[in-house]
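Residue numbers (the numbering used here), protein chains in the order written: chain P, 881 to 1138; chain L, -9 to 355.
Please keep in mind that the hints were generated in silico from the structure rather than gathered at the bench.
Glycine included, C-beta positions come from ideal geometry on N, C-alpha and C.
Mixed in with the good hints there might be a few duds.
Claimed, not checked - Straight-line distance between alpha carbons at most 25 Å, and here's what the computed DSS-like set of lysine-lysine pairs gives: (1) P:1021 / P:1069; (2) L:248 / L:111; (3) L:248 / P:966; (4) L:111 / P:1028; (5) P:1028 / L:275; (6) P:1096 / P:1118; (7) L:248 / P:1028; (8) L:348 / P:1028; (9) P:1028 / P:1069.
As the list claims (entries may be wrong) - For the chain P half of the interface with chain L, some residues (derived, Cβ under 7 Å), not all of them: (10) 944; (11) 972; (12) 977; (13) 981; (14) 985; (15) 987; (16) 997; (17) 999; (18) 1003.
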Amino acid sequence: MQKNPMQAASENDSDLMVQMIDVNKWYGEFHVLKDINLTVTKGERIVICGPSGSGKSTMIRCINRLEEHQRGQIIVEGTELTGDLKHIETIRREVGMVFQHFNLFPHLTVLENLALAPIWVRKNSRSEAEEIGMTYLERVKIPEQAQKYPGQLSGGQQQRVAIARSLCMNPKIMLFDEPTSALDPEMIKEVLDVMVELAQEGMTMLCVTHEMGFAKTVANRVIFMDEGQIIEENEPNKFFDNPQHNRTKLFLSQILAH
Amino acid sequence: MTDWTTKPDLPPPASETGTVGWVRQNLFSSPLNIGLTVIALYIIYIGVIPLIDWALTSADFAGSSRNDCTSGGACWVFIADRLNFFFYGFFPKAEYWRINTVFLLLALLIVPQLFDATPYKNWLGWFLLIGFPVVSYFLLIGGSFGITHVETEKWGGVMLTLVLSFVGIVAALPFGVLLALGRRSEMPVIRGICIAFIELWRGVPLISVLFMASVMLPLFLPEGVNFNKLLRALIGIVMFQSAYMAEVIRGGLQAIPKGQYEAAAALGLGYWRSIGLIILPQALKLVIPGIVNTFIALFKDTTLVLIIGLFDVLATVQSSIIDPAWPDVAAEGLVFAAFVFWIFCFSMSRYSQALERKLDTSHKR
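Make a model of the complete structure from these sequences and hints.
Now the structure itself:
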């Protein structure tokens, strides 16, 4: 069913952040996303879980066009995601992303990493951008690291800088692609604490993660994906206590076993 | 439960450190090493010592003609006598001050770049790349501002080599960057053009490029239109070196993890901003060895302009060697030429290593 994007934006709540309508994606012959339908309203925290290769990362990467979808529509805050560069850049300004491997810029100091986008995309002056950077660096509790290079920080600190870097652009939506998967267990907590605080402040978040404790604490909805499809979607309590599908039950039994 | 105390740090044993330690570890640590050390000392004895004797101890430095070279060693009098020619080429003597000014200006602009603490370092850098060439052009060519015109045919020696190399280096790098980016572009037309350009210019030797530019180009141009010979050589050199530079830089671009491109994109930085702020600084830093290699090769390749009648430093030396007034000075002349090349190439090499150390932020701990 083809929906007129302008119609879709006006007939629904203006709080609608992300709409994915019948989204399909192929990598060559491989059908990686099958008929994905998803809506995210403002302030919602969504945790996406599933086995590897299920398409979870691919799905959220389609939202900021790091991956292109071949069929269906993705509408972010009323703007449809197509090949149009202007739309893509508008959307990327409002959508922040945190990566599994941090992807900090190693040739710049922490503060320069944070100030880069505000200076070059939002056109702030250097002093304004550095002020914004320090504010968020204090928010993630490592203001003393401002002049260090990413290579000198621990994994947990780097990920917190990465979160701060995205926040400096004042996004409306934050995407997290397995943010704690590359961290030592001792550092996972410090990053999750930052994410929980962010959630409590009302940020709209989509997290691909295996941290089920986080899902239970903070998520409005938990989505289970397998083989490119959304199998199940529910509130955390119902999702964990009463999974509907066998595939979900199997996954949960494996992941919650230890 | 007892607390455990750390044992105090002790200094290492004397034979493991310092000069004695170094000598033991590197020169005498095994029978093979001992053998190699003895052989090396022997080679130094039969090779290096006579060389030093020829070049310095028995050499003649002062005088005015071949007859003053009586000691049986190197005749550096030849070099001293012809030094102006080797350095300034056919430039009129009265105008040497112009070349000296340009050279001094170049030195004054380069030296501050070597030190971090220099104020206005960025401004000086841009002036070096843009303002300085303009100023030098007017000083060297003349013809305006009350300075007499000196045709490019009169340029020669070290001065010509430096002009060719400087222009080649300053032009080949940005051109190479654009070609490398173009080759990695997703737009087929741009990618095709860049691949064709790179493969064409890498496929022919520089000597034939210069030869074609010099001999064949006039055949294709309409009557009377004549391209300055030096300009033809410069264009050929720049085209040629950009193709090599493009591939060196492309290697660097490939080595940057995809996550860097993605993080820049996710922050909303467009293509050119991502490339200029994130990718290129990292990529260029990675391939400094390759870039400096290309520069050093370019510097030495400039001697090929001999084929089109331009007198670079090697050509000036060669023409002086066959001068009947100075018989038998081939060795001195060529050693001098080699020494000139070595000084410049080695300086570039050392600078690049210093630059690499300074930029190495990823390993700072």
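- Task: Just pull the numbers of the violated hints for me, sorted ascending.
- Result: Checked against the structure, the hints that fail are numbers 2, 17 and 18, while the rest are satisfied.
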